[in-house]
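For the record, the sequence lines run as chains F, Z, X and P. The letter at position 60 of the first sequence is residue 60 when you use my numbering, and the numbering goes up by one with no holes. The letter at position 49 of the second sequence is residue 1049 when you use my numbering, and the numbering goes up by one with no holes. The letter at position 585 of the third sequence is residue 2585 when you use my numbering, and the numbering goes up by one with no holes. The letter at position 17 of the fourth sequence is residue 3017 when you use my numbering, and the numbering goes up by one with no holes.
Keep in mind that a hint or two might mislead.
[What the hints assert, rightly or not] Calculated lysine to aspartate or glutamate pairs in the EDC-like style (CA-CA distance at most 20 Å, straight line): (1) Z:Lys1027 to P:Asp3098; (2) P:Lys3026 to P:Glu3096; (3) X:Lys2602 to X:Glu2401; (4) X:Lys2029 to X:Asp2122; (5) F:Lys348 to Z:Asp1140; (6) Z:Lys1027 to F:Glu390.
[Unchecked claim] Beyond 10 Å from chain Z on every Cβ pair, some chain X residues (computed): (7) Gly2053; (8) Lys2116; (9) Val2200; (10) Arg2222; (11) Arg2418; (12) His2499; (13) Gln2690; (14) Gln2691; (15) Leu2697; (16) Leu2698; (17) Leu2704; (18) Ser2705; (19) Leu2708.
Just so you know, the hints here were simulated from the structure itself, not pulled from any lab data. Beta carbons: idealized from backbone N, C-alpha and C, even for Gly.
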Amino acid sequence: MDFNFWDPFTWIGEWLLNLLVGWGLAETIALTLLRFAGAVVLALVLLLIGGVLFTWLDRKLSARIQDRLGPNRVGPFGLFQGIADTLKLLTKEDIIPAGADKIVFNLAPLLVTMSVVGIWAVVPFAPTLIGTDLNVGLLYIISVGSIGTLGIMMAGWASNNKFALLGAFRTVAQMVAYEVPMVVVLLVPTMFTGSMSVHAIVEGQSSLWYVALAPVAALIFLTTSIAELGRAPFDLLEAESELVAGFNTEYTGIKWGMFFASEFLHGLTISALTAAIFLGGWQGPGAEARPLLGFVYFMIKTMVVYFGVTLLRFSMPRVRIDQLLDLNWKFLTPLALAAVCVTAVAEKLALATNWSRLGVHIIANVGLLILTLGALWVRARMVRRRFETEQMRLAARSESAAD
Amino acid sequence: MTIAQIVFLVISATTLVASILVVTSRKMVHAALWLVLSLGGVAVLFVLLQASFLAVVQVVIYIGAIAILIIFAVMLTRRMMYDTGSPINRYWWAGALAAVLLFAGLVVMLGQIPSITTQASALPIPEGELLSLLGTALVDVNGYMLPFEVASVLLLAALIGSLVVARPMERKTEEGDKR
Amino acid sequence: MIGPELLAFLVPLPPLLAFFVIVLLTNRKNRLSHRLAVGAMVISWAMAMTIFGLAVSRGDLGHHPIAASVAWLPMGEGVLNLGILIDPLNAITLFFVAWTCLAIFLYSVGYHNFGKPRDPQDRAGLPPKAGGIEPMYARFFAFISLFAFGMLTLSVSDNLLLLFIGWEIMGLCSYLLIGFWYGKDSAKRAMVKAFITTRVGDVFMLLGIAYLYAATGTVNYREILFDEHVLQTLAQMPSVIGGLSAGGLIGLLLFIGTVGKSAQWPLHVWLPDAMEGPTPVSAMIHAATMVSAGVYLMARFFPLVTIGWHEGGALTPTMTLVAVIGAFTALFAATIAVAQNDIKRVLAYSTISQLGYMVAAVGIGAYVAAVFHLVTHAFFKALLFLSSGSVIHGMEHGIHETHDHVDPGDMTNMGGLRRKMPITFWTFLIGGLALSGFPLLTAGFWSKDEILADAFAHGRMVIFVVLALAALLTAFYTMRQITLTFLGKPRTQAAEHAHESVWTMTLPLVVLSVFAVAAGWAGIPDHFPVIGGLIPNWVHGFVGGTLLEHPEAVAFSAVPLLVSISVALGGLLLGWLVYRRVTADAKDPLARLLGPVHTLFKNKYYFDELYDLIFIRPAYWLAETVSYRWIDRGLIDGILHAIGRFALRVGAFLRNVIDLPVINGSADMFSEGVKGAGRGFRVVQTGRVQQYLIVGLLFTGVILSYLLLANP
Amino acid sequence: MIPLSWYLIVAAAMFCIGIYGVLARKNAVGILMGIELMLAAVILNLVAFWRYLTPARISGQAFAVIVFAVAASEAAVGLALIISIYRRRSTVVADEIDILKW
């Protein structure tokens, strides 16, 4: 096969496969091996390049927001700060606390990292670059993500530290809860495409991004993703002011580094997923014929979402745990259910043309938003009134007590 | 012995060993983690059976929900975190006996089934279409709509029931404190 | 179908809506309630006027009325239709009903002292004592709204059943409204009396409807009254009562309904008592609506009542009866009215008398005259009632000012009010003159004259004389009323301090007085000397169109005209002469003149006492002595006691001989056995789930292995 | 290739291990875990039978889904009960929860 500049992925794949088969391996095994290798390469590339480069960007950005300079010592503009940090982490002492459950303690960071990297198996970077096109892709994302939850749980428990355990408790409460609206809302793109395959979903957005058809669903997905990620404003699992550092309090060195990297990678993952599921993935002018272009589009979209999330992270205060759960169970879950129902009805009502679909869905979503805001307004008024009467009651009581 | 058989044997051995550890390990949290492994093994068996949807569902529900719930429960019932004493009761021998007898009986019974040695034929439906077929079967009036609906009602009932059962009854004392 | 039909369907609805809204939602908010009620009435009024205008402008309305109907109630094979019909009669009824109702609604606002603070001493169910707002203000508006709904429904309906529904709604409302001040014993008695008395008539009316439905298979007006064939059949069909055709009997039965509703002798007793309600109610019942409904029914079923009669021919038995009862009632009630002192009571008897007029007119076949008088009477009687209410209101104000506790409704306590209440005086005067038939100017003259002329022209001399006498008495007692109330000097402190009512009360009076005068001009006979023909006789042409055959106008004759003018003027003069100098404590001059006859009049011929003797006492006796003491206590209770005693004996026997030793013994034995077994078995119940499970599993294993091994 | 019997034997073994867990564990949560094992074995059976005997009909998978639902509800309610009991009696040992006896 000739080398095509616009589609290097297929070429590399074919070349490697031929190489392996040439060595005498069966084709299926070779394919499996290649997939493994691909995942490893991907993870390494993302961890190293991403972890080093994007943390630098991240820190610069946060510094700007907080009116600081940020890293500026190592390398030009502090560009090599990430590498220095990595080296530092690698060389640090690996402490296992007394009374810890050693195996579980060591397994936990692995599990967490694994779950995050595992998600990348189904993310379509370009028309020809996808780990595996599972027909249950969306469900796969959820299930692998839940393994990460398990890892955090294990980390918190094995540390033999009550802050770590509390952090783990919060994690479970938060992640299990936020999985519900996430799963529900993922039904919307599934409904549009008729498939749970992420690749098919991206292909289904060739003419219209789903964020235009279902803005409410996209918003819910992003919100729940941030909560799953455990970042501000939902970073209760490691609320420094309350829990030291949450579930990873007792971790040091490279194991802590793995948690850090996986959290960072997770942020990238949800950005990529949002881009793939709602922002059209690699879709863009000319992407079909030139997969490399598609890859660029995809990365641009991912970055846009990622820095949106980052900005959110540095500009929002942390919510309280009860507010967090209230938001999920009393607001996001019903809204997600309503969004699914509304989308289903709108999809049935709309004609097959793009404009008709767009119009009907936008109207439906705006209606849903107005209803939601109305309900919120009514509720807020009720709460305020209750609060006021309570205040009045208290005032009256204190007065009578004074008498 | 083909590769598939080797994979099967490895996975099922892992699953069974993990299962045994589930019922014998002293620490409940360990037991729960072994349960995760065991159920994960079952998920892989599903993949071998070309039921990828069920495999993923197995991971989501069993590992993502049930196992975590169990671990959560274990941690909530704090005393058990420091498990002391024997994990098994006085009648464990009766349980073991019953289990062994049952296993023996089941194997004998399995031996009597004529189709027991069937080899899997190729799937008559492309694997990609299985999922939509399952979906339509579950909501089809002529398919499994009724059991599916009943299951959803059951889920709802379980949800409400567990809420009611596990809710703390501290309301009264709170009121009392206020006064 | 946005058109007059839809409009006609909609006319009755606003008040009904207002009723429900007030009763269910706004009954605590007085302002909102009366706005709702009056607003609804204004809407209905506007719609009614539109319809009236459309109806008048449509040529030959009688043969091409505005009509529409929708299927309503499936009944066996057929379907009862609910429909509307705007023919001349309905149109003109709608016209005066809408006007008077609107006036009364507006008047009620002032009458119930809207705008004044609520007097804390006032109790719901009693009239407000010191000029505070009525405690049940909103409730009143709800009731009159329902009342208006009933009357409007009746006015637009196209069938007897819908009419009956409106009729009964009004019956209910009159019950509720007469007893509006239910704290008063007299009001309670009056409401029951009114309800039961009219019910007597309604039963017969329902019988008539049923008979009609059985005979013709329909209750629709047009299908019965505008179908020669049907009428002929009815006229020839013999009825259960010999000598009467089916049509005649139906007409008679319907007429009894009218007797009840329009308070004709002998069912007249309820109407004077109905004065216990608030004055707008009196106006509503006695002028605009309920009693008019009776005469309306007669006019509506004129072809049926007069079945077998041709213009100029001899009267049928039914007609004779109707005419006689009407004429008799007219005279009879007029004589009673002469001797009453309560201002509203006089008007009540006057109403009975005037209704008698109309009924008599129907009875002699003077259809147009009857309808004409119905319309004019509605206006001037509503005017009179409302004016009298205004007078009473003014008197109450005076009483409140002076603490001079006299009956505010008693005319002997009044006098000289013309200076205190000028608007009320003038409007009352106009109404009174209209009632007494003041020549040429007033509406009452033209309509009454037409009845007399008709009676004279067709040679019904007895009727003519009786009605003329009644007219004389009418003029007399009207003048008596005016003189006693407004002229002369105030006879009490309260009258001295009375003052004019608020604009919401006087405005309706003024409006109605315009109609009390002008309504008559639409019906001046063409052949009347000098002014005849100046204004075309519109009423005759329009109303006459209701009938299948257009009735002919009677030829002009000077005799009834002269009689009518002379009785009116004579009565008025006489009344003024007799009562002009009545002083505070003087006896009624007429009592001196007539002696025992006056006593008879004053006590209303002892009819209440008579009814008490022949109906009420026997009923009580029957209920208390026969039903309660003899049948209930003696017979039924006796049998029950005997059975009871017997059952007790049997029970004791069964218990002592069978139950205790045999059944209880064995049951005890059984329960002891169960207890023992339980004590033995309870060891098995360890409360440990796993043990249960093991047992269950072993059992399952045994069964399974049996199944597997025994039949492989 | 793998014959059906292998799957069935694995499932049977898992089921019996589950039964042993249910019968022998002291801890109520442990009992629950045993039940989960049994249910997983049942699902495995269902899927294996579907794959080998009636691959054209989807009923095996459909019922597997329903058993999943049952398993989830069972776990939720069971754990809720255990937590509730723990709150009241501060024990999760099945033998000590015997107030129903006598």
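Those earlier numbered hints the structure runs against, lowest number first: 1, 3, 6, 13, 14, 15, 16, 17, 18 and 19
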